[in-house]
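Engineer: Here is what each chain is made of, one letter per residue.
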Amino acid sequence: MTVANPAAPVVIVGAAMGGLRAAESLRRSGYTGAIRVVGEELHAPYNRPPLSKEVLATDVTHEAVAFPSRAEMGDVEWMLGVRATAVDLDARTLTTDDGEVQPWRALVIATGLRARRLDFAPIAGRHVVRSLDDAMALRAELTEGARVVVVGSGFLGCELSATARKLGCEVTIVTPSAEPMMRPLGELVAKEMRRRLTNEGVDIFSGVTVAAINGETTVESVELSDGTVVPADVLIESVGSECNTEWLESTDLDLSDGVLADNAMRAVTTSGVARDDVYVVGDIARFPNPMFDDVARRIEHWNIPTDTGKRAGAVLAAHLADDGSFADVVAKPFAPVPSFWSNQFEIKLQAYGLLGLVSDDDIRVLEGDLSDQAAVGYYRDDRLVGVLGIGMKAALLPYRKQIAEGGA
Amino acid sequence: MIKIEVDMNQCQHYGQCVFEAPDNFKLNDDDKLEYVAEAPDSERDNIEAAVDVCPMQAIRIVE
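Chains as they are written, first to last, in my numbering: chain R, 5 to 412; chain Y, 911 to 973.
Simulated from the structure, these hints should not be mistaken for laboratory data.
Treat the hints with care, since some could be wrong.
[Said to hold, decoys possible] Below, in silico cross-link-like pairs of lysine to aspartate or glutamate (EDC-like), each with a Cα-Cα straight-line distance of 20 Å or less: (1) R/LYS195 to R/GLU58; (2) Y/LYS942 to R/GLU371; (3) Y/LYS913 to R/GLU350; (4) Y/LYS942 to R/GLU76; (5) R/LYS352 to Y/ASP941; (6) R/LYS336 to Y/GLU930; (7) R/LYS405 to Y/GLU915; (8) Y/LYS936 to R/GLU76; (9) Y/LYS942 to R/ASP298; (10) R/LYS336 to Y/ASP955; (11) R/LYS352 to Y/ASP955; (12) Y/LYS936 to Y/ASP955; (13) R/LYS405 to Y/ASP951.
[Stated by the list, open to error] Partial selection, computed: residues in chain Y whose CB lies under 7 Å from chain R: (14) TYR924; (15) GLY925; (16) ASP933; (17) GLU948; (18) SER952; (19) ILE971.
We put the beta carbon where it would ideally sit given N, CA and C, even for glycine.
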């Protein structure tokens with residue numbers, strides 16, 4: 005491969021947390037050349053989790069969630085409000101929706117996910133929460149007494165339900181699952197979560213889907229697959245997400261679920277070749293984590309954009325430095341401990357590892373009592389792969405260590 | 911010397927900072943964050959990592 009565009013900038017596509025961390029890491033790792041970050045949203049990078057919790061419950065502003073800007077980032081160029089539409093990996097160019105074609109010397113893919121939508125005609129009153137603008141639009145409708153139907157019972161749906169309830173709304177969850185948070189937490193814990201959410205006044209219709217959305221100009225009710233009609237002023241769709249990979253479709257990168265990367269976060273082609281000039285970060289990256297096994301997975305946990313962004317920045321900086329350090333940096337083991345948290349009413353969940361790797365429903369209460377505070381272990385083939393704290397924090401630390409050391 | 915500030919109104923005691931900079935941050939027996947507000951310059955990378963991983967973005971380095 006000829007080295008195209010040696011004078012061009014490193015272009016990072018995606019201006020959220022992963023793109024920010026990759027840029028910071030490039031600078032910290034000694035890369036002093038040009039960096040350009042291209043992002044579809046007009047906002048500078050901000051922290052998303054409060055958008056369904058603390059910030060949604062008060063005032064939704066960019067200031068409340070913006071990441072601080074570090075001094076070393078002063079000469080990074082931000083191209084915001086521009087969407088990437090295509091990329092040419094041979095010519096090393098990026099095409100954006102303003103018609104520009106720009107060269108790059110290395111590319112960082114950080115375009116993340118977007119909210120999946122239900123397949124119904126557009127009508128006022130339908131919401132998702134992924135971006136700051138989404139949260140602002142929803143906040144305006146969460147008035148006291150509003151009837152809110154939340155479709156989906158993952159963490160996001162349950163958090164939004166709790167926040168809406170706190171704001172005085174009547175809240176109904178509609179979910180195809182048997183219990184809320186069933187898939188991420190397993191039946192044992194999910195049953196307890198249903199008890200707690202119900203106690204807080206959230207109605208839960210489980211084992212059903214949305215059959216129709218009724219209303220003239222705005223949502224008036226939601227018809228469920230079992231024929232039940234639930235009155236609604238606001239419909240929140242938290243039914244998962246989709247990867248923003250369309251702009252990569254003309255390349256030979258492996259896009260079978262997100263973008264495949266190796267353990268150095270280098271993008272991998274369909275023929276299994278890792279490219280030294282193309283990197284993937286954040287929840288769009290499907291990469292192997294030797295803490296668990298050699299299977300590449302996408303991980304939609306909050307710490308992953310930071311960990312993968314730092315890793316990609318360090319490896320790419322070594323590649324660009326061309327000082328002989330590259331092989332050593334690539335060989336350095338990268339095994340981030342996935343972690344997430346979720347607050348719903350007084351329920352404080354915190355977890356480390358990958359709970360979803362559990363085998364044979366081997367979920368054990370390690371400490372405490374599920375109906376109060378507890379530490380819950382998730383096991384695969386008798387090895388600890390995840391730990392969940394319900395109201396417990398410091399008690400999780402030894403289990404986190406155990407997971408990081410391979411779970412034995 | 912690095913000076914650290916934690917906005918205790920923001921802090922939700924998640925303890926992510928504890929892993930990055932254990933010399934400066936810890937969770938006490940009541941699951942509350944306790945921290946040492948000063949660190950030697952040699953700790954800068956760890957403190958910056960702690961700032962990055964705070965879910966509430968409650969930690970800052972006072973320059």
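Engineer: Looking back at the numbered hints, which does the structure fail to meet, lowest number first?
Structural biologist: 1, 3, 4, 7, 8, 9, 11, 13, 16, 17, 18 and 19
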